[in-house]
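Top to bottom, those sequences are chains A and B.
Using my numbering, the first residue of the first sequence is number 1, and each one after it goes up by one.
Using my numbering, the first residue of the second sequence is number 1001, and each one after it goes up by one.
For the record, the hints were derived by calculation from the structure and aren't laboratory data.
Take these hints with a grain of salt, some might be off.
[Unchecked claim] Each computed PhoX-like pair below joins lysine-lysine, with the alpha-carbon atoms no more than 25 Å apart:
#1 B:Lys-1326 x A:Lys-218
#2 B:Lys-1422 x A:Lys-215
#3 A:Lys-218 x B:Lys-1310
#4 A:Lys-218 x B:Lys-1344
#5 B:Lys-1165 x A:Lys-215
Next come the chains, spelled out residue by residue.
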Amino acid sequence: MALTIKQQLSNPGGILKFLIKYNTIFIFILLVIFSAVISDVFFTSVNLSNLLKQVSGIGIISIGMLIVILTGGIDLSVGSMVALLAVTFAILVNAVVLPIAILLTIIIGFALGSVAGYLVAFQKMAPFIATLALMTVARGLGFIYAKGSPITFKTPGGEFMSNFANNSTIGIPNIAIVFFVIVAIAAVMLRYNVFGRLIIAMGSNEEASRLSGIKVNKYKFLVYAISGSLAAIAAIVVASRTNLGSPNMGMAWELDAIAAVVIGGASLNGGKGSAINTLMGVLILGLIGNILNLLNVPSYPQQVVKGAIIIFAVLLQRFDSK
Amino acid sequence: MKNSESEYRVEMTGISKSFGVVSVLEDVNFKVKHGEIHALLGENGAGKSTLVKILSGVHQKDGGKVLLNGEEISPKNTHDGQVLGISVVYQELSLVNDLSVAENIYLHKLGASKFWMNWKQLTNDAQELINSLGFEIDASAIVRDLSIVQKQVVEIAKALSEDTKVLILDEPTTVFDPTDTQKLFDNLFRLKEKGISIIYISHHLEEIFKIADSITVLRDGVDTGSMAVKDTDTDGVIRLMIGRELKDLYPARDAEIGAEPIFEVKNLTARDNLVHDVSFSVKPGEVLGIAGLGGSGRTETAKLIFGADKKKSGTLILDGKEITTKSPVEAVGHEIGFVSEDRKEEGVFLPLSIRRNISVTSFAPISSKLGFISTDKEYTNVLGLIDKLNIKAPSSEVDVKNLSGGNQQKVALAKWLSIDSKVILIDEPTRGVDVGAKVEIYNLINEVAKKGVGVIVISSDMPEIMGIADRILVMHEGTIYGELPKEKFSEENILRYSIGEPIK
Chain A
1 MALTIKQQLS NPGGILKFLI KYNTIFIFIL LVIFSAVISD VFFTSVNLSN LLKQVSGIGI
61 ISIGMLIVIL TGGIDLSVGS MVALLAVTFA ILVNAVVLPI AILLTIIIGF ALGSVAGYLV
121 AFQKMAPFIA TLALMTVARG LGFIYAKGSP ITFKTPGGEF MSNFANNSTI GIPNIAIVFF
181 VIVAIAAVML RYNVFGRLII AMGSNEEASR LSGIKVNKYK FLVYAISGSL AAIAAIVVAS
241 RTNLGSPNMG MAWELDAIAA VVIGGASLNG GKGSAINTLM GVLILGLIGN ILNLLNVPSY
301 PQQVVKGAII IFAVLLQRFD SK
Chain B
1001 MKNSESEYRV EMTGISKSFG VVSVLEDVNF KVKHGEIHAL LGENGAGKST LVKILSGVHQ
1061 KDGGKVLLNG EEISPKNTHD GQVLGISVVY QELSLVNDLS VAENIYLHKL GASKFWMNWK
1121 QLTNDAQELI NSLGFEIDAS AIVRDLSIVQ KQVVEIAKAL SEDTKVLILD EPTTVFDPTD
1181 TQKLFDNLFR LKEKGISIIY ISHHLEEIFK IADSITVLRD GVDTGSMAVK DTDTDGVIRL
1241 MIGRELKDLY PARDAEIGAE PIFEVKNLTA RDNLVHDVSF SVKPGEVLGI AGLGGSGRTE
1301 TAKLIFGADK KKSGTLILDG KEITTKSPVE AVGHEIGFVS EDRKEEGVFL PLSIRRNISV
1361 TSFAPISSKL GFISTDKEYT NVLGLIDKLN IKAPSSEVDV KNLSGGNQQK VALAKWLSID
1421 SKVILIDEPT RGVDVGAKVE IYNLINEVAK KGVGVIVISS DMPEIMGIAD RILVMHEGTI
1481 YGELPKEKFS EENILRYSIG EPIK
């Protein structure tokens, strides 16, 4: 068995192997070049900043999805949470001062995530089921609180958020900066912090983790709570962009987030995945949509292409693990 | 059953095989007669598994010739191998957990020819097969619910469900206790009588000398010799395996044993009563052995102490103070360590690097209050342990799944050695580990004890437990049946206590 190591080190695999190993970044670069060639509009600052604004919301929940998937779980509730929390934020922004509205929204996100975390970690419910149930509950609550229609920001606080979300700093959209900061924090936590180490260990072998004296339940609980908090931040970002909170927001975002994480090379069995690669996954998904829009491809064929790209990316990774 | 055309059932000559640029087998010759038990020996990584996998069709040879009954064969896959009558019982169990025993045994036949299966017939056939082996397993039981021992039996039954001519067993007895092992041996002798050729891979030399007719030893992909068992002895074989004389398999115990116990267990009882009224104590520097048959409650006792299973009652006293261990987290907090018998499922993180495996128990000394890990401190700790335990790997970043069994076991131990412990429970310290690594692990246990740790070692390997323990407790039906001081150590005494008999 020790031979495989020597094999890996001595095998002159060359460029192909390198490409397969870093396939996410490779696909991303390929897509950028492709887009630049076929469309004049692609490399304009308007288009690029639009692209970044579009992906930031899904990007933020994708990071939450990543840390849940690293433990071997899944969080289907994030899309609906974005809707419920966007409505919550719109109500709060019209009722209390802005910092408190932001803080409360994130706390409520944490609390909602904690419900999933409690069910999974302490009631041993399957993550798929627990979060599927929460997904329905959150979407329903969103409609109830919004009374079926969007809630518009009416206060100076809301106006401030709307300005923030639609402006840029040194050419980068503010909400994209929020997204990148979250990616950076996640990357550092996963790589250099005990928290990241432990959730990766749990995802690769839960029983061995338990028998190593790791507080498995605590960390399982925490990842869902963090995913909920990130859904709150995503909700604030998307609500601010459109100046309103609507219960129709975040439709099927959980699926895009899962796709981004998987394109980023994470394993749904847990234990494998990185924040930077998830960022790549998010950008790849966003790019595909962007190019197809620029090419005036209607939305149904777009879905077909998206699906095909996901299959292609995952097949490439298979190749890598062989 | 005798085939007069050729003297050998299997003749592998000049076999070579390499993976990538690394050669695993070089010009290996291996010949097995009709109706003999032929032991294939060698340290982990010597090429035993690769050789039998070429025979069974899992791997294809790069060079050389394989003859079966004098005719050249080259099986392209395991199905080809099965058709030729070559069956393998793998070390890693290859059963489908969600299917029944009978379905597993006849898995290769399911869907092969008929549209409708006669399930009753299938289950009856399977039951007959298992009964004929002398084991008690319900053929309609789901494999998931079986013990690891029963699974191994099913695996063997599966191999025999075919018209087998060559049966290959890769470490079949690692999970067996002496009675089960004896049953297996009786079966092997019967199969041998029927003319079946058996290739037997094992690290247990005592076993080999009990059952094998001939021996072939591999070292680093080269066969260092074949001989009849009667022409050699343990030392001779070990010399061939490791290429040097092995003076002492079991290092001399030189730890000073303290006067007062460091750890006491009183009337420990499991919630499911599989373990009841277990009481014992261990002194600092002492290596306490726990022996017993499979299912006697040894592993369960260790898991109860460690908080991995639920207790009903009982008291634990550490350093004179009563403690509770409701979970492994609490046990680790009290500086109690536990090395599981099931290395792959419960011991190591196979997809993670050696560094990440070792650090998992020891973040406190290498990280800041906010949990940020100091890379320097981590590498110092990890590289120190890799060096100390002689873990053979090109770097600390190699995934543990790429290591040999012996090195994986060392990683599992390293996890607990990197932190201070008062008590360490080690369940089957050398299961599936080659001789060289065994000695290193024994030395390590010795060294840990020397630091004043109370070491509790559970083992089914009787020479091993007698070689390393200062005192042996023998479990029988969920409780401690007897205690053997060093001067009373003998296989017979352990076995007598194991089956609930007084010693003479």
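Okay, the hints, checked on the actual structure:
Between B:Lys-1326 and A:Lys-218, the direct Cα distance comes to roughly 15 Å. Compliance with the 25 Å bound is thereby established for this hinted pair. Our distance criterion of 25 Å between C-alpha atoms is met by B:Lys-1422 and A:Lys-215, whose separation comes to about 21 Å. Under the criterion of a C-alpha separation no larger than 25 Å, the hint pairing A:Lys-218 with B:Lys-1310 is consistent with the structure, at around 19 Å. Proposed proximity of A:Lys-218 and B:Lys-1344 is supported: the alpha carbons are some 24 Å apart, at most 25 Å.
A hinted pair counts as satisfied when its Cα atoms are at most 25 Å apart, and B:Lys-1165 with A:Lys-215 does not qualify at roughly 51 Å.
In this structure, the one hint that does not hold is number 5.
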